[in-house]
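Student: Sequence:
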Amino acid sequence: MKKVLIGIVSLLVAYIAIKLLWWIFSFTISLIIGLVQFVIVGLLAVAIYLYLSRRVFR
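Numbering (the numbering used here), first residue to last: 1 to 58.
Just so you know, the hints here were simulated from the structure itself, not pulled from any lab data.
Heads up, a few of these hints could be off.
[As the list claims (entries may be wrong)] Taking CB as the label site, the calculated pair distances span: (1) 2 x 37: 51 to 57 Å; (2) 53 x 24: 38 to 44 Å; (3) 16 x 48: 45 to 51 Å.
Predicted, not measured: the structure shown is a model, and the values here were computed from it.
Idealized CB from N, CA, C, for every residue including glycine.
Kindly produce the complete structure, drawing on both the sequences and the hints.
Tutor: Here you go:
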């Protein structure tokens, strides 16, 4: 009986650990994707701004 309980507990712990790791992993990936999108949008905005300001000042 004790071995069965230990097995169930270790399975639960492993399941929770995998869930946590997967959550952290997916959260990190979504964060990186968000940062990359933010950087790309920022660069595009800067490029458009520079392009427009050059055209206006000429």
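Student: What hints, given by number in increasing order, does this structure fail?
Tutor: none
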